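Please dock the two separately framed chains into a single complex, following the hints provided.
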Amino acid sequence: MTSMRFVITAVLGLVLLTFSAAIAVEKGDTEVIVIKARRIHTLNGAPIDGGTVVIRNGRIEAVGRDLAVPEGARVIARPDGVVTPGLIDACCTIDPEIPEEATGWPFEGGQPSLWRWLGEYAAHDHSDPDHVCTPECGGRPVSSADMPLASATLPTFTWTEQSSEVTPHRLVIDSVNLFSNDFARLLKGGVTTVYVSADSSEVIGGRGTILKTGGPLSERVVRRADAVKASLGGDPSDRGLRNFLPPYYGPPPSILTRRPTTRMGVEWVFRKAFYDAQRVQDGREIYGADMPPRQAIPVLLQVLAGEVPLRIQARLQLDIFTALRLTAEFNLKFTLEEATEAYRCLPQLKQAGVPVIFGPLYMTPKGFRSLTDEVSRPRLNSPKQLADAGIEFALTAQELRDEEGLVRQAMLAVQSGLTPEQALRAVTATPAALLGLSDQAGVVAPGAAADLVVWSSEPLDATSRPLVVLINGRVVLEEGN
Amino acid sequence: MRSSGSIGVSPVTGSIGVPPVTGSIGVPPVRSCLSLPIMAVALSAVVLLMTASANGQADSARRVLQAAAYVDAEGQIAKGGVLVIDGEKIVQLGGDPPADLPVDAYPGAVLCPGLIDCHSALGALGGLSERQQAVQPRVNARDAFDRYARQLRLALAAGVTTFALAPDDRNLIGGQMAICQTAGPDGRPRLLTNAGPLKLSLSAQTFRPDRDPTSRSGALGLLRETLEVLGVGQSSSFAPLGDDPVAAFAAGRLTGFVTAPGGADVLACLQLAQDYGLRLVPIHTVDARRVAETVAGRVAGIVIGPFDLTTGQRAAVAAGLFARHGTPVAIAGGLPTSPPDSLRLAAAVAARAGLAPPAARRAITAVPAELLGIGDRVGELSAGHQADVVVFSGDPLDLRSRVLAVYVAGRRAYWAQAAGEQR
Numbered sequence: 031m032t033s034m035r036f037v038i039t040a041v042l043g044l045v046l047l048t049f050s051a052a053i054a055v056e057k058g059d060t061e062v063i064v065i066k067a068r069r070i071h072t073l074n075g076a077p078i079d080g081g082t083v084v085i086r087n088g089r090i091e092a093v094g095r096d097l098a099v100p101e102g103a104r105v106i107a108r109p110d111g112v113v114t115p116g117l118i119d120a121c122c123t124i125d126p127e128i129p130e131e132a133t134g135w136p137f138e139g140g141q142p143s144l145w146r147w148l149g150e151y152a153a154h155d156h157s158d159p160d161h162v163c164t165p166e167c168g169g170r171p172v173s174s175a176d177m178p179l180a181s182a183t184l185p186t187f188t189w190t191e192q193s194s195e196v197t198p199h200r201l202v203i204d205s206v207n208l209f210s211n212d213f214a215r216l217l218k219g220g221v222t223t224v225y226v227s228a229d230s231s232e233v234i235g236g237r238g239t240i241l242k243t244g245g246p247l248s249e250r251v252v253r254r255a256d257a258v259k260a261s262l263g264g265d266p267s268d269r270g271l272r273n274f275l276p277p278y279y280g281p282p283p284s285i286l287t288r289r290p291t292t293r294m295g296v297e298w299v300f301r302k303a304f305y306d307a308q309r310v311q312d313g314r315e316i317y318g319a320d321m322p323p324r325q326a327i328p329v330l331l332q333v334l335a336g337e338v339p340l341r342i343q344a345r346l347q348l349d350i351f352t353a354l355r356l357t358a359e360f361n362l363k364f365t366l367e368e369a370t371e372a373y374r375c376l377p378q379l380k381q382a383g384v385p386v387i388f389g390p391l392y393m394t395p396k397g398f399r400s401l402t403d404e405v406s407r408p409r410l411n412s413p414k415q416l417a418d419a420g421i422e423f424a425l426t427a428q429e430l431r432d433e434e435g436l437v438r439q440a441m442l443a444v445q446s447g448l449t450p451e452q453a454l455r456a457v458t459a460t461p462a463a464l465l466g467l468s469d470q471a472g473v474v475a476p477g478a479a480a481d482l483v484v485w486s487s488e489p490l491d492a493t494s495r496p497l498v499v500l501i502n503g504r505v506v507l508e509e510g511n
Numbered sequence: 010m011r012s013s014g015s016i017g018v019s020p021v022t023g024s025i026g027v028p029p030v031t032g033s034i035g036v037p038p039v040r041s042c043l044s045l046p047i048m049a050v051a052l053s054a055v056v057l058l059m060t061a062s063a064n065g066q067a068d069s070a071r072r073v074l075q076a077a078a079y080v081d082a083e084g085q086i087a088k089g090g091v092l093v094i095d096g097e098k099i100v101q102l103g104g105d106p107p108a109d110l111p112v113d114a115y116p117g118a119v120l121c122p123g124l125i126d127c128h129s130a131l132g133a134l135g136g137l138s139e140r141q142q143a144v145q146p147r148v149n150a151r152d153a154f155d156r157y158a159r160q161l162r163l164a165l166a167a168g169v170t171t172f173a174l175a176p177d178d179r180n181l182i183g184g185q186m187a188i189c190q191t192a193g194p195d196g197r198p199r200l201l202t203n204a205g206p207l208k209l210s211l212s213a214q215t216f217r218p219d220r221d222p223t224s225r226s227g228a229l230g231l232l233r234e235t236l237e238v239l240g241v242g243q244s245s246s247f248a249p250l251g252d253d254p255v256a257a258f259a260a261g262r263l264t265g266f267v268t269a270p271g272g273a274d275v276l277a278c279l280q281l282a283q284d285y286g287l288r289l290v291p292i293h294t295v296d297a298r299r300v301a302e303t304v305a306g307r308v309a310g311i312v313i314g315p316f317d318l319t320t321g322q323r324a325a326v327a328a329g330l331f332a333r334h335g336t337p338v339a340i341a342g343g344l345p346t347s348p349p350d351s352l353r354l355a356a357a358v359a360a361r362a363g364l365a366p367p368a369a370r371r372a373i374t375a376v377p378a379e380l381l382g383i384g385d386r387v388g389e390l391s392a393g394h395q396a397d398v399v400v401f402s403g404d405p406l407d408l409r410s411r412v413l414a415v416y417v418a419g420r421r422a423y424w425a426q427a428a429g430e431q432r
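Just so you know, the protein sequences line up as chains A and B, in that order.
Take 31 as the starting number for the first sequence in the working numbering and just add one per residue.
Take 10 as the starting number for the second sequence in the working numbering and just add one per residue.
Bound-form chain B, shown alone (with noise of 0.2 Å):
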């Protein structure tokens, strides 16, 4: 990605600087009157009058956006991708778009929701896991969010919008996750909301020899008590609050990602899940072959990868698996730490190795987004919803397809013409 270099919004300073653009296809000036800072509300807001007016645009937050095809709520790719945005959000979808508004063509193009990666350490500064005591249940990931980061960028260019910053494996419960984007209406990164699912682990790394738990049956056991504690509102250790996460949790509130990448640790969230009535998501699985059918209809959904090109056959047939006993799948990509198009890169491998291409297509998109509880808002292209939009070149599943331009909240937060991507 030799794009973020270039690329016209800086997210260091906030400044503007939409990319130069002529005709239908540009980014009316009037969206940059909105990322001013603060303080001058008062003169954007003049600006805002004066550019509008002087665009002669009756409504000029309005914009069609033009491509060949778009991934429609199933998955699928389907004909027609004119798509109206009204602002921040999708007003129509297909038919005829109103004559007179500007249109951001793309001939030939795919049109895909912002991809998800529910699970990520994108943007984190420091470490994503306290190491005094497992159970931290106060602990909230968007402390940790660095909205300068600059693999945002990257992430941005590589078409993810929406992201889960989420505590590590290494706490029986990490604390809480924060759901952030690459971009928002004023072009900066920005938190989309710190209410996110609460974070547990019952990997090997939470085996500590220096603190307790330090055994699988410690692990189980604490966190039974966590959550007995909790349902009989005693105090413990801590003293729940009122609006406690883990009270949240063990209420049935509060969904809970679970890192348990064995058969044994998903059978272990399921026995979790009965006994409390919890609302759970496995993630990080690679074991489904002795899980799948056991699974099914008993969690919210599944997180299966990260993937890449080496992932063993065991772990890349799992997403397939899950999918074909009727468990929602989602797909993690592995970022930072991969390469920005490791999201798409797993959704491909998944796909090669059984799982359907519109689940493949929803497993970073729609089903994500529903598993972080913001289904209503993004994940999908169909009116009413935040208008997240990956411009590809072809199918997001085809490894050759490219990004030409992502829309986060409406606003063209990048483009490749203008990054110099044009080939």
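Extracted from the complex, chain A is given alone in its bound form (with noise of 0.2 Å):
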């Protein structure tokens, strides 16, 4: 019995002793903090060797070699360390992880996840005839006797609202669990700043939000409400929901059945959103099937004004060439978004003057990407490409982490091409100017956020990893403690 209370009190304790130390953390210091590093890549001119960064009240303050230390500063002293800005990703997903009790969860331990689902289902050949889906392979069921498992096995949550084709008024914020483990695994690999982008399930989906990978609650939401997303191609199509129900057992063709399935049906209803905008602006009635929901329609109308940015993810080239065609048609500036075809479209990008936030590069796609029909002609040498073109771009891990993280993107377009310099431009100042945060972040200089981090040996180098990582001049990562 006592030994039983010892346990319990030493759980407690522990629990206990964690959340301090959350807190402590959270609430930081914002007092004065010197770092002192072999390197400084400011992004705002030459790096600087030997140099020092001093930070007060959460913004850098000076930047330069030989700067005299305030009096009672924290100094973080790291003699081989180099020093970039804090990564940015501008077309970041973050898992949404749904509790577990969202209504039978195939999958033990952990939490779902869409990503899990999805990798879960592509990890079995649905094709091959004598495949039996399980709960587990996250596959379809294939009889009515199987219709129980229906609501279990498919992904009927994803962070856009699959209600409607056209859900601009929707925000991504809304999905996003600020606890998710996404964001630590972010800040590990020096990812300071996310844009959230929409899922690419619908035509026409909702606002992204840019955030801050860590520090307390309060200051991690940088902008609630951003771009709205487009997407062309396959996947407004294939990602969508649709009714599973097999033919005469489910009821008539509800709103899940209302879905464009070609590329022409997507097409559709993007023009036939705005044109309803448009009608009802003009004050005429909207009508038909796909019409935007109510609540779409001012949303539209500040796109078409240019007050709330565009962004349209296209993979192919016939889909790079949509958007392009689709936006002439309505005078809108849009972002493009992943474009793995985007070599193939070089002159029509430049001459359009659509920045391109590229990515991810890979050889094999993974997860739901590899479901795409999207994926076959994917080049390495795409960020070397663009910028040969001198196209504005940045590049994205989009849902990857870790290995195949941010910083291993760049990586890679280094290994195929682009110099070092062009390649951390392009997760740090490039990324920080789409999002409107020009000097704000992405550089190392007088005036900007103190997003900073510090790499063992070159950001770029293989064996190189963030010691100590910093948000708005608070140490949120730090090796060894």
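Note that these hints are calculated values from the structure, not bench results.
On a predicted model such as this, the values are computed, not experimentally measured, just so you know.
There's no promise every hint is true.
Said to hold, decoys possible - Interface residues of chain A toward chain B, partial, derived using beta-carbon atoms under 7 Å:
#1 200
#2 207
#3 236
Ideal placement from N, C-alpha and C gives every residue a C-beta, glycine not left out.
As structure tokens, then:
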């Protein structure tokens, strides 16, 4: 009995300790911090060797050589370290991590996630006639007898709303779990700012959000609602929710069977949404299938007026051309996401002045991407080609983390011809500019937010790792602590 | 619980069967007259006068409950369990009771306020969620309340006197909760008020593939739209009525109980409360470690549970963590799917995992009463409160303690001795 009580006390004590430690880190200190390192990549001029960064009140106060250390400052000296701005992923996706109580999730342990479901699904050959789908393989039920499994095996939740094909009035921030483990993994990879982009399962999806990956909860959200995301190509028709019921079993065609099933349909929904918005503005009625929801109209009009930015995801050359054609029709400015075959549209992209958020780089696609038919012609030297064509581009790892995360994307690009300077710029200063955060993030310069990473050596070295990460002047990750 | 069949008062017929009693601990027969059908009001008045005079008592509506100790307003077990009841109310606590009153004596026992389950499905007949759309502002759980449900007797015998019947977690706005009692002045379960808190849910059960919303962003977006439309008084997909519970909720006059299992859900609650000036109570929260400090002072309270002995440590420590940071904690039982004693069991599990015992006692009495907006009526043993009293053989948190008797609105609605529970 006594030992039991001891164990309980010990466990409680540990929980409390962890908790108070977390508070200590969260509260942090906004006092003056000085970082000394072997080299500082400012992205705002030439690198500074043997430099010092002075941070006060969460912002960078001074950068240079031989700066005086202010009185009482905390000095973080890493004589071999290399400082860069915190990396920025301009097209990140955060796993929704719906709680386990979501009815009957088939996987044991851990939190269910869309990626995991899709990964499990992709790991099995569902076209094999001998293959029998089970809840574990993530397959769809094959007979009405399996119907109780249907609700358990379908990924009925994504972080973008599925009740309509046009939902620009919905916010991605609402579906982001700030406690997601993804943020810790991003931090470990040196990523301090992410733009969380909407899912590609709708033609016109929700509005993305800009977040810091660490620090106090109250300072995590940089911008709640940013660009509207449109998706062209196969994703909206492949990944949207559909009615999985066998013929004659299910209800009559519902909102689940309204989806476009072809590229033609996707393009039609895109055009109809904007034409319907214009009709409403002109005081005319709208009608027909795939009408945008009432609440979507004001946002669509803001996009047309250029007040809300637009992003379009397109992978294949023909989809990129479609994006250029559609935006020309409505005179829209946009940013291209993913752009796997951008190397086949370089003159057109250059002429249209479209910035590209390229990535991820891969030879063999994984996860949900492997389920699409849009991954047969990837090229590792795409970033190099974009750079040579003079197109403004950022690199993204999207849902990939750890060994495939953002810094590895930059390394792969360097391996295929990009210079390290260009690659570093593509994960810091350029994404900051594309997010409208120039001079606030992505550079080491006076006045910018003190989002910094001290790497153990040159950041794009294969053996380099983040030793210290700061966000808004707070140490959020420190090796050895 | 083998008691229910043999209990004197039958909720089905409403007939009177107060257990045969002897001496001063008996129930005065006068109370029985009050429970006769209304049609016989005149007759009962006559009988009441007759029986009262036959008993020779000056004031037959008054009586004394005598035990060794009682649970005080702070949740502590205090010495001196003397309680004077007049009609439905407590009129005196402690001190010397008037000499000539009948006494219900429970030597060695502890008097506890009637237990309150602030989120339950007790007595529900049929489902507790409409399925066509996720916003159901005018649904009221009172319409699902079956006062003849047998579970109500089991709950009463476990000491649960008050409970809030709530729409379930499958709708964004599920409807209004109904506050009910497992017994009333006539011995039958009753509806206390249909104006309970509004039930909302941010749980994943809200997302359904066959209607809006299908996702978290859809759910929160739809909720904000509903609140904004109500805030500026425009019509939307539904026209707000003057006394619409959602309108009262949007104006901050009505509490909303929001199912928020995860830390992210709780953060969403805080944001909503801040943006729209709402009075919110997150419920079913298991994710305390990351939000307990943030939540403090920003919600009216928090509802934890249900728990049982298989509950993981992460959920079990939640109550203690929230309480330590100053958030009032109420505990919900799992009735009727769990055993009748589950409310008390949940409090004991929470206490074992770090919730201070006085707070654990208050978490199933005073705090839920406060969160339900009936704190001035039930949940405490003090003069002026309704006489809802559970007589435990010991500390209510000690699972060995038995329920000896339960009084609701001044009437002994359950008596273990009469129910054959004597040990």
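Cross-check of the supplied hints:
Taken as an interface hint, residue 200/A checks out: its beta carbon lies about 4 Å from the nearest beta carbon of chain B, inside 7 Å. With its C-beta approaching chain B no nearer than about 4 Å, residue 207/A sits inside the 7 Å limit, and its interface hint holds. The interface hint given for residue 236/A holds, since its Cβ lies 5 Å from the closest Cβ of chain B, which is under the 7 Å cut-off.
Hint compliance for this structure: no hint is broken.
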